[in-house]
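Keeping their order, the protein sequence lines are chains A and B.
Heads up: the first sequence at position 33 corresponds to 241 in this note's numbering, and the numbers run straight through without jumps.
Heads up: the second sequence at position 98 corresponds to 141 in this note's numbering, and the numbers run straight through without jumps.
The hints are simulated quantities; they were obtained by calculation from the structure and are not laboratory data.
By construction, the Cβ of each residue, glycine as well, lies at the ideal position given by its N, Cα and C atoms.
Some clues are possibly wrong.
For each label pair, taking beta carbons as the anchor points, the in silico distance ranges come out as [as the list claims (entries may be wrong)]: (1) D323/B - E402/A: 41 to 51 Å; (2) P227/A - R229/B: 34 to 44 Å; (3) A353/B - E212/A: 26 to 36 Å; (4) P129/B - D262/A: 26 to 36 Å.
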Amino acid sequence: MEHEITLVVNGATRRVNVPARRLLSDCLRHDLGLTGTHVGCEHGVCGCCTVLLDGRPVRSCLTFAVTVDGQEITTVEGLAREGAPPRGLRSAGSAATGATGEGGGTERPSRPHDVEEVKPALSPVQRAFAECHGLQCGFCTPGFLCTVTAFLRDNPAPSDDEIVEGISGNLCRCTGYQNIVKAVHRAAELLAEET
Amino acid sequence: MKPPPFAYHAPRDVGAALRTLAQVRGKVLAGGQSLIPLMNMRLAAPEHLVDINRIGSLSAIDATPAGVRVGALVRHSDAEHAGAHPLLTRALKLVAHPAIRNRGTVVGSLVHADPAAELPAVLAVLDGTVRLARWDGRAVEREVPAREFFVGPLESAVEPGELAVSAFFPALAPRTGTAFEEVARRHGDYALAGVCAVVTVDGDARVTAARVACVGVGPVPVVVDVTGACGGVDVPGASGGADVTGAFGEVDMTGASGSAAGGWAEAARAVQEETEPESDVHASAAYRRHLVGVLAERALRNAAREGAAARGA
């Protein structure tokens, strides 16, 4: 039996029919096409599927979509938008959004720059991970970004120990965590500068 | 790794939930942080799930001088931030990871009755209770004490058709301190062994009552009253001595008196004798027995010190 549910995902209201057993992670990825949320272990250990539910990090693989009917969800796709600078500061190039024309012979020479400029600004946490090499293969990164975004909101100037505790529910098999801890410190700096 | 299909019920109030449970013999879904992994791994396949997440009345934390009553939908993180009970708050920081605690519930942890989990030990050491309700023409409730609630590993006294609606954690007596010490391979993992202690002292900082509950060393939380072993012990450092805490818990730099050390060690031995640890891939039974002794002594000392410090409060 299918259930009609409404989720507010990254600010947009989405209505979707799901069977009761649909995990929130699968609902986001398969039903809503938001494949930024990654699925690792699917039993709550790895933290890759962490999303924000009404602003708080939760395991989307340990949550049924029907249970969170009517609630707000932020995925990694929504972090950039959240952290984007105010509209007035965006470059004028954003008008080029619709400009696709793969293989067309009459491309404007300036197109690569336009494409660069329409990308939404990365959030401070995302920029800090990029700057500090807080990721390698990137599989665990969406979960870390959601976890750290909420963590720094609750604790804007954490110590090393608090960071390690805060990210203890997210596994990374590439980095050895040192650069992730650096990235969290850097994100805290960036957030402090920007507010 | 996908959960098997089930019929889904989403009652809006407790009465509707109880009527549904009386009809369908389903499993109750609250936070789902233990149930959904079991379903994902196909270790559980309930035909009916009764989702209580829409029953707002179950989200209440009700603190009175007698203690704190925690509703069935109170998430670990809500209880932690409410700070309604010092030992509960302390134990919650040891439960899994922040993302799990944002979803998992206090009462759910009790009903799951994992012998390696922290919250059953907290309820047991405090002599708390769990309120169960079922439908019999009307809602009928019963209050089950912790010593009868935990029946075996992953087995609680909740009967088919019953819903655990709340748990009650009694308040601490005056001049009482608590501690929760555990050893886990990583923070947030299930502990290899753990001990929570509740120690009451008199006006001269002498121990008058001491109880511990141990996790991971028996089929249910192992509660031991060690007042006989360490009653009357003078609490070292009670007069404001240095509190030095290292990565592995307290390091006593104040120089305990001979009699005090004897009392704590005797209490730790008494605790070891009551436990029945088992060997598994993580640790041998002998190592767990060793750990529980060390942790019992550490927890008792720290709880006693906190109790002594609370004398002036």
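Going through the hints against the structure:
1. D323/B - E402/A: 41 to 51 Å: Given range 41 to 51 Å: holds, Cβ gap about 49 Å.
2. P227/A - R229/B: 34 to 44 Å: holds, 35 Å
3. A353/B - E212/A: 26 to 36 Å: violated, 54 Å
4. P129/B - D262/A: 26 to 36 Å: holds, 28 Å
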